[in-house]
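Student: Here the protein sequences come in this chain order: A and B.
Okay, so the first sequence: first residue is 1 according to our numbering, each after it adds one.
Okay, so the second sequence: first residue is 1001 according to our numbering, each after it adds one.
If you are wondering where the hints come from, they were derived from the structure by calculation, not from laboratory data.
By construction, the Cβ of each residue, glycine as well, lies at the ideal position given by its N, Cα and C atoms.
The reader is advised that the hints may include incorrect statements.
[Said to hold, decoys possible] A few chain B residues facing chain A, derived, Cβ under 8 Å:
1) Ser-1066
2) Val-1071
3) Pro-1083
4) Val-1091
5) Leu-1094
6) Asn-1100
7) Ala-1103
8) Val-1104
9) Gly-1116
10) Thr-1118
11) Ser-1140
12) Thr-1162
13) Gly-1163
14) Ile-1276
15) Ser-1277
[To be verified] Calculated Cβ distances over 12 Å to all of chain B for the following chain A residues:
16) Gly-48
17) Glu-56
18) Asp-198
19) Leu-372
20) Glu-388
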Amino acid sequence: MLKQIEGSHAVAEAVALCRPEVISAYPITPQTHIVETLSELVREGKIGSCQFLNVESEFGAMSAAIGASAAGARSYTASSSQGLLFMAEAVYNASGLGLPIVMTVGNRAIGAPINIWNDHSDSMALANAGWIQIHAESNQEAVDLHIQAFRLAEELSVPVMVCVDGFILTHAYERVDIPSQEDVDAYLPPFQPVQMLDPADPVSIGAMVGPEAFMEVRYLAHHKQLQALDVIPRLADEFAQRFGRKSGGLIETYRTDGAKTIVVALGSIVGTIKDLVDELREQGESVGAIKIGAFRPFPLAELRSALSGADRVVVVEKDLALGLGGIVASNVRMALRGATTLVYTVIAGLGGRPITKASLERTVMQASKDALEDPHFLDLNWDIVDAELARAKEKRRSGPIAENILRDIGLMGRKTG
Amino acid sequence: MTQRVKFYQTGTFTVGNRLLDAESRTVQATVERNNSLTSGHRACQGCGEALGARYAVDAAMRACNSQLLCVNATGCLEVFSTPYPESSWRVAWLHSLFGNAPAVASGVAAALRAKGRTETRVLAQGGDGGTVDIGMGCLSGMFERNDDVLYICYDNEAYMNTGVQRSGRTPPGARTSTTPAVGPHPGNVFGQGKHPAIIAMAHDIPYVATASVADLHDLEEKVTKAMSIGGARFIHVHVPCPLGWGSEPCNTMRLARLAVETGLFPLFEGEHGEVISTTPIRRRQPVEEYLKLQKRFRHVIGDPQALAAIQALADRNIRRFNLVRENAA
Chain A
1 MLKQIEGSHA VAEAVALCRP EVISAYPITP QTHIVETLSE LVREGKIGSC
51 QFLNVESEFG AMSAAIGASA AGARSYTASS SQGLLFMAEA VYNASGLGLP
101 IVMTVGNRAI GAPINIWNDH SDSMALANAG WIQIHAESNQ EAVDLHIQAF
151 RLAEELSVPV MVCVDGFILT HAYERVDIPS QEDVDAYLPP FQPVQMLDPA
201 DPVSIGAMVG PEAFMEVRYL AHHKQLQALD VIPRLADEFA QRFGRKSGGL
251 IETYRTDGAK TIVVALGSIV GTIKDLVDEL REQGESVGAI KIGAFRPFPL
301 AELRSALSGA DRVVVVEKDL ALGLGGIVAS NVRMALRGAT TLVYTVIAGL
351 GGRPITKASL ERTVMQASKD ALEDPHFLDL NWDIVDAELA RAKEKRRSGP
401 IAENILRDIG LMGRKTG
Chain B
1001 MTQRVKFYQT GTFTVGNRLL DAESRTVQAT VERNNSLTSG HRACQGCGEA
1051 LGARYAVDAA MRACNSQLLC VNATGCLEVF STPYPESSWR VAWLHSLFGN
1101 APAVASGVAA ALRAKGRTET RVLAQGGDGG TVDIGMGCLS GMFERNDDVL
1151 YICYDNEAYM NTGVQRSGRT PPGARTSTTP AVGPHPGNVF GQGKHPAIIA
1201 MAHDIPYVAT ASVADLHDLE EKVTKAMSIG GARFIHVHVP CPLGWGSEPC
1251 NTMRLARLAV ETGLFPLFEG EHGEVISTTP IRRRQPVEEY LKLQKRFRHV
1301 IGDPQALAAI QALADRNIRR FNLVRENAA
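In isolation and in its complexed conformation, chain A is listed as follows:
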């Protein structure tokens, strides 16, 4: 059914259609609207006997999901940013135990300085935690990915993180097609756990494993990720057959035929990039785009093949590995190892800094002439940076950096970009 609906409400409705049995949640912006909607649906009895747990922290939220999943219940939670870091120990534990929990991450920056707006620092920080990590480009895809996520998680007995850009998607009203319960039921069979707590068949779960077997256990967790490279496209195809639209998959190529410059990104910025590609193609530029749908497992082979005709790749990413540069770019370089393709890193949109089409166009055109520094910080205000560096050089007790910069700017909420 077509609805004009907020992204968070759409995600909540999609989760509800998947018939979760336990939802645990702790509030954090911008995830709140998702769990608020779910709590209402549970109260209204619209998700069967589903239990909604208001827990005391994100660590508690993931821990409750672990307990519920181990007891054989389809389990869901959602978080963002600091919340995701606060639950980090349990995030690793869930995958280590092979529990098919689905979690929405409303992507948000990590502080300090505290910042509630969108970037990908949070999910990137936990990219290697053993969860499958898939990114939504639009609210429609966010809906569709959640339905695929439960199927994927339970088929492989591995947890899945569905990343949805905070505010840009979670708080945006868009037209979204919410599938019917009948179709979702046909696509997503009831949860059949691989292992569970059962008084009739008592097993010990979560034992200590020493050096004699730990390598093998970890390898098998990696192996599951490799299996997902096959399962993700298959489930996306099955989804397309039943629901009549393409969503998910490992990567999506956009006008890459003959493209000498290919822009790679993940999440909602891909929409802007596609518009840019259209404009540049009209101007006769040889530019295409690739959306990375699955960041974990990372589709090395698919990317390598899709990028094989390009002279250069421009990776636009909303994160920064301090002391290194781009995280996605590093992964893309691994896909291209041995190839001569140039990879440019564009660090953009940190803490909600707008990524405008104009800035992207300027940057991509510079890269297409191989005249872009790497990494490039999109729309970074160097005057502000230089002023703070000068202040720090002049005076030992120069004060807190963030507050100094805000004072320099002089106005809260000044127009950016």
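For chain A, the structure is supplied; the task is to place chain B on it using the hints.
Tutor: Okay, now just chain B, sitting in the frame of chain A:
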């Protein structure tokens, strides 16, 4: 039987099943016991925690007709029971992390509610560190939501599994590997203390109790009673640790009993935030009798000021819980 049999003649609470009719004997004394924590685990000789867990889990199993799911925090009990591929657990058992056992148990209980399996019950257990320190937030959340979980804390008063570091339950004066017996104030600080049963009662949950391996009948009875109640329940069990306390393994029961008889570990029950019963001390002992059997207090024995301070703590417990009573039987 109109009057409860007491085991004065033996000087200990640990024997005496043979004096009782079959109905009144411990679960452990019956052939039907489940052996939930079965033999062959790797606990130290004289481990109070292994003993307490064995009695507690079997009593819980009997109380729910063996429809029990157990969640365990990281710690000695977890490590000595499951060095895979060995497992000493003959119950469905899940270990997740150090600080999250109460929240995991909440999730298990929620799953059972969702599935309508109300006959299956949830037991969570952990040591003092996993309960009163790193697990306190999750524990408080589980209490406040009144989730249907019985949480048992086996308190040996330090982080024994990692090598006897101080916990929030380490008593004042005690030497641990992070409160060494050196300097002008040797051993653990004389701080404010941290009483998980009282913290639990502050949540007004249906049932709270303290228990000791010194009185295993009482421990079993409290577990059985807790299992007859729905909602969040908490039992704090005092369990001596020969390794961490520097005591002889053969003194585990003696020390547990002395902790009770000095007043250092008061036994009481609470319901909905109020104390409903306390166990009177039959033969009051000075704290020195308890302390002198433990190397962790060796430096205290020659320090009258420290001894007096510890005695004052015991005296306060005795006043607070009315542990020494006229005609106390």
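Student: Look at each hint and say if it fits the structure.
Tutor: Each hint tested on the structure:
no.	hint	in the structure
1	Ser-1066	holds (6 Å)
2	Val-1071	holds (6 Å)
3	Pro-1083	holds (6 Å)
4	Val-1091	holds (5 Å)
5	Leu-1094	holds (5 Å)
6	Asn-1100	holds (4 Å)
7	Ala-1103	holds (4 Å)
8	Val-1104	holds (4 Å)
9	Gly-1116	holds (7 Å)
10	Thr-1118	violated (11 Å)
11	Ser-1140	holds (6 Å)
12	Thr-1162	violated (14 Å)
13	Gly-1163	violated (16 Å)
14	Ile-1276	violated (27 Å)
15	Ser-1277	violated (30 Å)
16	Gly-48	violated (8 Å)
17	Glu-56	violated (3 Å)
18	Asp-198	violated (6 Å)
19	Leu-372	holds (45 Å)
20	Glu-388	holds (37 Å)
Of the numbered hints given earlier, the model fails hints 10, 12, 13, 14, 15, 16, 17 and 18; all others are met.
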